[in-house]
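Participant: Sequence:
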Amino acid sequence: MRLSRYFLPVLKETPSDATIVSHRLMLRAGMIKQEAAGIYAWLPLGFQVLKKIEQIVREEQVRAGAVELLMPTLQLADLWRESGRYDDYGQEMLRIADRKKTDLLYGPTNEEMITDIFRAYVRSYKALPLNLFHIQWKFRDEVRPRFGVMRGREFLMKDAYSFDIDEASARKAYNRMFIAYLNTFARMGLKAVPMRADTGPIGGDLSHEFIILAETGESQVFCHKDLVEMGAPGANVDWDNLQGLVDQRTGLYAATEEMHDQARFEAEVPDASRLSARGIEVGHIFYFGEKYSKPMKAVVAGPDGVEKPVHMGSYGVGVSRLIGAIIEASHDDNGIIWPDSVAPFDVQLINLKTGDAACDSACQGAYEALTKAGKAVLYDDTDDRPGAKFATADLIGTPWQLVIGPKGLAAGEVELKRRATGEKTSQSLDAALNRLTA
RNA sequence: CGGGGCGUAGCGCAGCCUGGUAGCGCAUCUGCUUUGGGAGCAGAGGGUCGCAAGUUCGAAUCUUGCCGCCCCGACCA
16 MRLSRYFLPV
26 LKETPSDATI
36 VSHRLMLRAG
46 MIKQEAAGIY
56 AWLPLGFQVL
66 KKIEQIVREE
76 QVRAGAVELL
86 MPTLQLADLW
96 RESGRYDDYG
106 QEMLRIADRK
116 KTDLLYGPTN
126 EEMITDIFRA
136 YVRSYKALPL
146 NLFHIQWKFR
156 DEVRPRFGVM
166 RGREFLMKDA
176 YSFDIDEASA
186 RKAYNRMFIA
196 YLNTFARMGL
206 KAVPMRADTG
216 PIGGDLSHEF
226 IILAETGESQ
236 VFCHKDLVEM
246 GAPGANVDWD
256 NLQGLVDQRT
266 GLYAATEEMH
276 DQARFEAEVP
286 DASRLSARGI
296 EVGHIFYFGE
306 KYSKPMKAVV
316 AGPDGVEKPV
326 HMGSYGVGVS
336 RLIGAIIEAS
346 HDDNGIIWPD
356 SVAPFDVQLI
366 NLKTGDAACD
376 SACQGAYEAL
386 TKAGKAVLYD
396 DTDDRPGAKF
406 ATADLIGTPW
416 QLVIGPKGLA
426 AGEVELKRRA
436 TGEKTSQSLD
446 AALNRLTA
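The first sequence maps to residues 16 to 453 in the numbering used here.
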């Protein structure tokens with residue numbers, strides 16, 4: 016992509032509305048534009064990142080055995096009356112009436128609808144286990160949206176729903192999502208820590224929030240240091256037998272503010288290993304048994320022919336929120352530092368003197384070579400001054416900057432800069448291209 | 001939803017107290033010079049001062065109402 020033909024409205028000055036760093040940088044980098052409180056338009060650069068994140072989430076869901084579908088944003092209120100949540104959900108639910116005065120709502124979540132889909136087709140235990148997910152926009156009319164996309168009213172969310180014949184089987188479904196989440200966040204360059212979450216009226220031990228640590232996190236979290244560095248198990252695991260891996264990650268103390276027990280923390284975790292930090296919730300998994308299947312009569316016949324409500328769980332990932340979370344965890348004074356896996360472009364090609372025949376031709380060659388090698392290149396072919404180009408490149412956080420200028424070319428060299436470390440190396444253009452396409 | 005604050009050019013702000021020709025910086029456009037870390041000079045364009053009533057000869061400025069947005073708190077993917 017040539018920058019001169021792209022749409023990248025970067026801001027030199029910080030919009031006064033933004034207070035936290037991710038919000039500020041997303042606005043400055045031309046990723047989003049606020050349209051209303053907690054509602055954002057995704058500009059090309061932001062949209063690109065959103066799609067990258069979405070795709071990673073999708074791939075890891077599929078790997079864990081979930082099947083993708085897509086449910087609508089608007090739902091019938093009657094469905095929610097069946098579960099009793101239409102009246103319980105409160106002001107956060109955006110209620111709408113159509114021209115026939117039918118009560119609708121903009122979905123804040125999809126348990127009712129997925130249960131409705133399930134019960135319409137599934138009658139037998141033989142169809143289980145089943146895990147269906149979609150990635151769709153949700154709306155929650157938050158009292159106080161803030162922090163940009165970290166807490167918007169409209170947000171993109173991946174939600175998966177598992178269906179099992181009994182709790183033992185549901186636990187396996189839960190474990191698959193548990194591991195899938197670790198892998199998902201690791202692929203985005205994040206260290207996510209699973210923490211016990213409140214199971215509410217359902218009870219049990221099957222609810223975890225996945226928290227990434229960042230100074231500007233919304234809540235205080237406490238955990239054993241080793242948990243942070245434990246890393247993700249990766250794709251090559253026995254997906255039918257994950258209890259050991261899960262136990263390993265739930266064995267150490269980890270709790271958010273609400274669940275924190277200082278006495279237990281001090282008893283279980285040695286002084287030197289205690290970590291108290293701020294965290295951002297990027298995922299939440301939950302087993303809720305028959306909560307919806309029972310009132311909504313989503314039943315399957317077991318091997319004995321007896322019909323029983325299915326056991327369900329739901330598993331959410333805040334896709335749009337993740338962008339904010341990643342930036343909170345990865346930036347410096349100059350701008351965003353994208354992990355390679357989610358970067359909107361792989362390489363920013365900077366022509367220091369557009370119009371100079373040697374620079375133009377070297378850049379054009381590099382652009383074509385990189386593009387041919389499958390790299391997403393943002394070619395800064397504008398006639399801005401070098402300083403402005405460097406500033407823009409640092410701001411939008413492209414992992415690699417390939418800098419080509421007249422002085423370097425005269426010496427047979429170009430400069431390659433790694434955004435994350437700031438390390439710059441001079442080398443021949445060929446060597447730089449080899450490095451980038453290796 | 002409680003408390004606080006803001007709405008003036010695309011962005012950041014001054015002007016409001018004490019009513020009288022709407023300003024500054026950045027950005028934009030034109031020209032010239034410049035080109036390795038957000039260039040310089042000269043010129044130009046761009047605003048029903050959030051909306052609506054009211055007070056007044058006269059309202060960005062005073063009064064009232066409404067709308068929008070932000071921050072702190074309580075609450076959430």
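Derived from the structure by calculation, the hints contain no laboratory data. Small disclaimer: the values here were computed from a predicted structure and weren't measured. Glycine is no exception: its CB is placed at the ideal position from the N, C-alpha and C atoms. Check each hint, because a few of them may be wrong.
Simulated pairs of lysine-lysine, DSSO-like, Cα-Cα distance not exceeding 27 Å [what the hints assert, rightly or not]:
id, residue 1, residue 2
1, K240, K206
2, K390, K368
3, K368, K66
4, K312, K387
5, K323, K368
6, K187, K141
7, K439, K27
8, K66, K48
Between beta-carbon pairs, the in silico distance windows are [claimed, not checked]:
id, residue 1, residue 2, range
9, Q263, G219, 17 to 23 Å
10, Y104, A446, 21 to 27 Å
11, V25, E230, 36 to 42 Å
12, N256, D276, 26 to 32 Å
13, S443, G389, 35 to 41 Å
14, R20, S139, 53 to 59 Å
Participant: Would you pick out the hints that fail for this structure and give their numbers low to high?
Facilitator: 3, 4, 5, 10, 11, 13
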